[in-house]
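For what it's worth, this note's numbering labels the leading residue of the sequence shown as 904, then goes sequentially.
These aren't lab readings, by the way, just hints derived from the structure by calculation. Please note that a few of the clues may not be correct.
[To be verified] Subject to a maximum C-alpha distance of 27 Å in a straight line, what follows is the list of computed BS3-like cross-link-like pairs (lysine-lysine):
no.	residue 1	residue 2
1	Lys1138	Lys1077
2	Lys979	Lys1023
3	Lys1082	Lys1023
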Amino acid sequence: MSAPEVRAVSFIVSNDIPAVLTRTFLGLGLVLLVSALLAYVGARRFLDAAVIADGRITHVDAVSVDRGGSRTSGVKFLYWVDFTTSSGQVMRFFAGRTRHRAYMTGDHVDVLYLPDRPDKALVRSLSSPWGLSVILGVTGGPFLLGVGILHLPQAARAWRRRQLLRHGTRVQAKVRAIKRDRGVFSGGRHPFVIVCAWRDPETTRWHVFHSAYLWADPRAQVSGRELDVHVMPGKPRYYHVDISFIRSAPAPAR
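Take these sequences, add in the hints, and give me the full structure.
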């Protein structure tokens, strides 16, 4: 007897996200965000302890920057400032840079410095105490967001699988084929996929189901048997093929 026509309605579960990629993104994101928090705490402590002194622009350098015609090309203005501490010590430091001239030599500016560390000084109008924490936070945030985006589909599939196991209708599907998914390549190998079919007794229509990926040939373990498939009532395109009994090799490292 010829095989019945199979109407292909399938939901394929894809591979897990590579663990090394997850660990890398998560590690970088956490390191950068912790660094941003420490920089924020340091800036907060600096502002709480800093005192204000009258500073004077002692030197302005105009430096040409050529970066292949990019928007960052042009002239940068660099500023050096002198100020006198409350103990009478004269300090000079590089105060910052701007794309447009903000001060002339001899202009007065407010200097924030630590009384016990006058070398730790800044001109608020030229540099922000929050700059480092903002840069680290903005850089680290996307890494953690990336981890969430990478795992969102995987988490959605896990949730759907739990829903199917809890509320789905269990049917018996006949194994039709075992094939390799040539569209997936990992560790020099293509995974195996079990293709099985079930005929809906109410509609007499056939539906094809694909298992999750298996990294060892399952033929010996599924030969001559039917597989349990949990199907969402009224929506057979949502299903879960139960292959928990199959001993499969772990996914190859990527």
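Numbers of unmet hints, in rising order: 3
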